[in-house]
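2 protein chains.
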Amino acid sequence: MTGNRFWRLDRHPEGNADFARFLTLCEEDAVPLAEGEVRIAVEWLSMDAGTRMWMSPRTDGYQPPLPLGAKMVGLVLGRVSESRDSVFPVGTLVRGFGQWAEEAVVVPALAGLEAVDESVSDPRQHFGALGMNAWTAYVGVREVAAVKPGEWLAVSAAAGATGSLACQVGRNLGANVVGIAGGAEKCRWLIEELGVQMAIDYRAEDVEARLATIPGGIHAFFDNVGGPILDAVLPNMAHYGRVAICGMVAGYDSDAPMPGPARFDQILMRRLRVEGFFIPDFLERGAEFLPQLRAWLDAGKLTVRFDETRGIENVLTAYERMLTGKNIGKVVVRL
Amino acid sequence: MTGNRFWRLDRHPEGNADFARFLTLCEEDAVPLAEGEVRIAVEWLSMDAGTRMWMSPRTDGYQPPLPLGAKMVGLVLGRVSESRDSVFPVGTLVRGFGQWAEEAVVVPALAGLEAVDESVSDPRQHFGALGMNAWTAYVGVREVAAVKPGEWLAVSAAAGATGSLACQVGRNLGANVVGIAGGAEKCRWLIEELGVQMAIDYRAEDVEARLATIPGGIHAFFDNVGGPILDAVLPNMAHYGRVAICGMVAGYDSDAPMPGPARFDQILMRRLRVEGFFIPDFLERGAEFLPQLRAWLDAGKLTVRFDETRGIENVLTAYERMLTGKNIGKVVVRL
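As they're listed, the protein sequences go chains S and C. Following our numbering, the numbering of the first sequence begins with 117 at its first residue and continues without gaps. Following our numbering, the numbering of the second sequence begins with 117 at its first residue and continues without gaps.
Wrong hints could be hidden among the right ones.
Within a straight-line C-alpha distance of at most 25 Å, the following computed SDA-like cross-link-like pairs (lysine to any residue) qualify [claimed, not checked]:
#	chain 1	residue 1	chain 2	residue 2
1	S	K264	C	K187
2	C	K264	S	A262
3	C	K264	C	K187
4	C	K264	C	A403
5	S	K264	C	E324
6	C	K187	C	E259
7	S	K187	S	S172
8	C	K264	S	Y356
9	S	K187	S	W160
10	S	K264	C	A403
11	C	K264	S	R387
12	S	K264	C	A262
13	C	K187	C	A150
14	C	K264	S	N132
15	C	K264	S	K187
Not everything, but these chain C residues come out facing chain S in the computed CB check (under 8 Å) [stated by the list, open to error]:
#	residue
16	V206
17	R304
18	I361
19	P373
20	G376
21	F380
22	L384
23	R387
Since the hints were made in silico from the structure, they are not lab data. What you are looking at is a predicted structure, and each value in this text was computed from that prediction instead of being measured. All residues carry an ideal CB built from backbone N, CA and C; glycine is no exception.
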C-alpha cells in the first residue's frame, strides 16, 4: 500500500483564493488505530462553506479553530477499512466528519459517524438529498423559519447545495419561493428545474426593489449569506416574519466579524424573529428527517445537481469553486 | 372654561435636545365631539421613548410618522369629561393614546382606551406597575426572552421605566438579574432597591468584560437600547440564548437606521434567537397580565419610582430628561 495522502493546514488562509498557499498535500504511512477508532477508505469528500471558518484563527465561531499543522477536517463518505469499534465493522458505508484524506481515521462519536443506507442508488445523495445540507434545509425551513403553505419563503445562495434544497423543501411544503442567486444561469435553473416562483440575480438586479414587488412581504427567510443580501431582505419582511440564520458566508473569509445588518432596526419595527441554528446540534434527530427526505427523493421532489471534481490533488480547486459561488448545486470530490 | 392647551409638532426634532424648537404649546377652543369620540380631562401624561420615533419623518418605524402641525400623541390618564361612546361614560378613569393636551379627544378603539381600576391607591401605577411599561416587561421577559428560574437575565436601560420593571419581573420569576445602566446612583438603586445580582455602570465600566465574569453566560437579554450595549452583550450570551428586542433608544433620535450590531455573527455562532416585539400588539392580552402584576404590586414585589414633573408647560423638560436618561424610573407629568 502506498501512503495516505491528506491536506494539511499550514497557515490561516486569507480571503477565498489561492488556498494552495495555505494548505499542503502530504503523504504519510498509515498510523495504527487506537481502541475505539475506525479507518475509512474515503470515496467522496463534501465541500462545505462552514469549514472555511475553522481554517481561521477566530475563537468565537461555532467551533474552535483547527490548529495549524493539523489535517483539514470535512465531511467524508466511504467504507470502513479497519475498525476498533464493533458498531462499525469493516465494509460499512459511513458518513461523518473525517479528514481531507484518502484514509480518514475517526472516533465515531466525535465524528458524528453514521452508517448510511446502501439501497440509495447514487451514494452522492448521502451528501445531497439525504445529507447534512438537506437536514439543514429541512430544519431551517420547516422549524426555524416555520414556513406555512401559501407564505412566501426567500432563500439566499439559492443555487448552492443547501439553498437549492431549502427552495425545494419550501416548495414541497406549499410555500411560494423566491431564490436569490448570482448569475443568469443559476436563476434559470431555479425557475426551470426547481420550480421557484421568482429568481433574483443579485449580480444584475436590485434585490430590494424586486422583493418589494411581492405583495404582503416575505414571511420566512432562509439566509446562508448575511451582508448586503440580508440588508435587502429585512425591509421586505412581513410583520412577524421569521429569519433562519443558517450561514454567514459573506463573513467567513475574514478574521474579523462581519458588520451587522444595516437594517437591524427592522427586527423591532416588523417584530421579526431571527434565529441562528447549526445542524450538528440536530444530528441525533436525523432519523426523524430522513424518511420525509427519502420519500421526496424517491418521488422526484428533491433535485440535487452535483458539481463533481476528481482526485484528492484537486480538492482545493473544488473548494474554491464552492466558496466563490462558481458551482451550481452540491460540490463533491471523488477520490 | 379657558381654552385647551396642547403641544403641536411643528418640525422634525434633531437629536434629543431643544425640543422647544420643534414643538409649540398652543391653545384652542374646545372642538365639538363627533359620534364615537370621547373627551378626556387629562390628569397625567406618560413620557415614553417610543414616541420619539413618530416625531421623525421615517416611514419604516413601527408606526407612521405624525404629520407636522398635528398635536403630539402619547399615553394619557384622566377622566372622561364628555362622551359620545356609551362604553366610556362621563367620569370614567381611562388610559390610552391621547394627545399631549389638557383635554384629549380620542376614538376609543383607535386609542386603545381602557377603563382602569379605581381601587389602585396611586393612579400613577396605571403608568407604572400596571401600565404598558409593565406589560412590556412581563411579555418581554416571560414570553419573548422566555427566562427560566436560575438563568441569568440581562436588562439594558435597567433604571428606566420598562427596564426597572423587567429586572423585577425577572427576579420575581427566579432569574439572576444583571442590570446595565448609566451612573453610580442608578446602579446603587438597582442593587439596593430592586434586588438585582449585578449592576453595571456603562459610563464607567467595561460592560463586555464585566458580563464575561458570569459563568455560563447570559441566557436571556431584554434590550431597550441597541448599539454598543447590544454589542457588549451578544458575545456574552449563552448558547441558545434569547434576546428580546424591546427598543432601540440608541437609534430613535436619528433619521437614518442605526447600524446593526457589530457582533451580529454571534446570533449564528451561539444559535441565538433575537425577536422584536411591540407591546400594542399585546393590548388585548392585558387582562391576562394584570392579575399577576397587581398581585406583585400588592405584595411589594414591584417597586416603581416616579420621576414627576408638574404642568403642561413643562412637558418638554420631562421628555428630554427621559430621553437622555437623567431620570430614574418612570417619568410622568402631572397636569
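Cross-check of the supplied hints:
1. About 42 Å separates the Cα atoms of K264 (chain S) and K187 (chain C), which puts this hinted pair outside 25 Å; it is violated.
2. This hinted pair checks out: K264 (chain C) and A262 (chain S) have alpha carbons roughly 24 Å apart, not beyond 25 Å.
3. Restraint check for K264 (chain C) and K187 (chain C): not satisfied, since their Cα atoms lie roughly 43 Å apart, outside the 25 Å limit.
4. For the given pair, K264 (chain C) sits about 23 Å from A403 (chain C) by alpha-carbon distance, which is consistent with the 25 Å threshold.
5. For the hint pairing K264 (chain S) with E324 (chain C), the CA-to-CA distance comes to about 39 Å; that exceeds 25 Å, so the pair is violated.
6. Proximity of K187 (chain C) to E259 (chain C) is assessed by CA-CA distance (about 35 Å); at most 25 Å being required, the pair is judged violated.
7. In summary, the hint linking K187 (chain S) to S172 (chain S) is supported, as the alpha carbons are separated by about 14 Å, within the 25 Å threshold.
8. Restraint check: the Cα-Cα separation between K264 (chain C) and Y356 (chain S) comes to about 24 Å, which is no more than 25 Å; the hinted pair holds.
9. This hinted pair checks out: K187 (chain S) and W160 (chain S) have alpha carbons roughly 16 Å apart, not beyond 25 Å.
10. Among the hinted pairs, K264 (chain S) with A403 (chain C) is inconsistent with the structure: their alpha-carbon atoms are about 30 Å apart, more than 25 Å.
11. Among the hinted pairs, K264 (chain C) with R387 (chain S) is consistent with the structure: their alpha-carbon atoms are about 23 Å apart, no more than 25 Å.
12. In summary, the hint linking K264 (chain S) to A262 (chain C) is supported, as the alpha carbons are separated by about 24 Å, within the 25 Å threshold.
13. Of the pairs offered as hints, the one joining K187 (chain C) and A150 (chain C) holds, with about 18 Å between alpha carbons and a cut-off of 25 Å not exceeded.
14. Between K264 (chain C) and N132 (chain S), the direct Cα distance comes to roughly 42 Å. Violation of the 25 Å bound is thereby established for this hinted pair.
15. A distance of roughly 42 Å separates the Cα atoms of K264 (chain C) and K187 (chain S); the hinted pair therefore is violated under the 25 Å criterion.
16. Residue-level restraint check for V206 (chain C) is violated (minimum Cβ-Cβ distance to chain S is 37 Å; threshold 8 Å).
17. At its closest, the beta carbon of R304 (chain C) sits 30 Å from a beta carbon of chain S; the interface hint therefore is violated under the 8 Å criterion.
18. At its closest, the beta carbon of I361 (chain C) sits 5 Å from a beta carbon of chain S; the interface hint therefore holds under the 8 Å criterion.
19. For P373 (chain C), the suggested interface contact is upheld, since its CB lies about 4 Å from the closest CB of chain S, less than 8 Å.
20. Here the hint on G376 (chain C) is kept, as its CB sits about 3 Å from the closest CB of chain S, short of 8 Å.
21. Among the interface hints, the one on F380 (chain C) holds; its C-beta lies about 3 Å from the nearest C-beta in chain S, closer than the 8 Å criterion.
22. Annotation: L384 (chain C) was flagged as interfacial toward chain S, and the flag holds, the nearest CB pair being 4 Å apart, inside 8 Å.
23. Because the closest C-beta pair between R387 (chain C) and chain S is about 5 Å apart, less than 8 Å, the hint holds.
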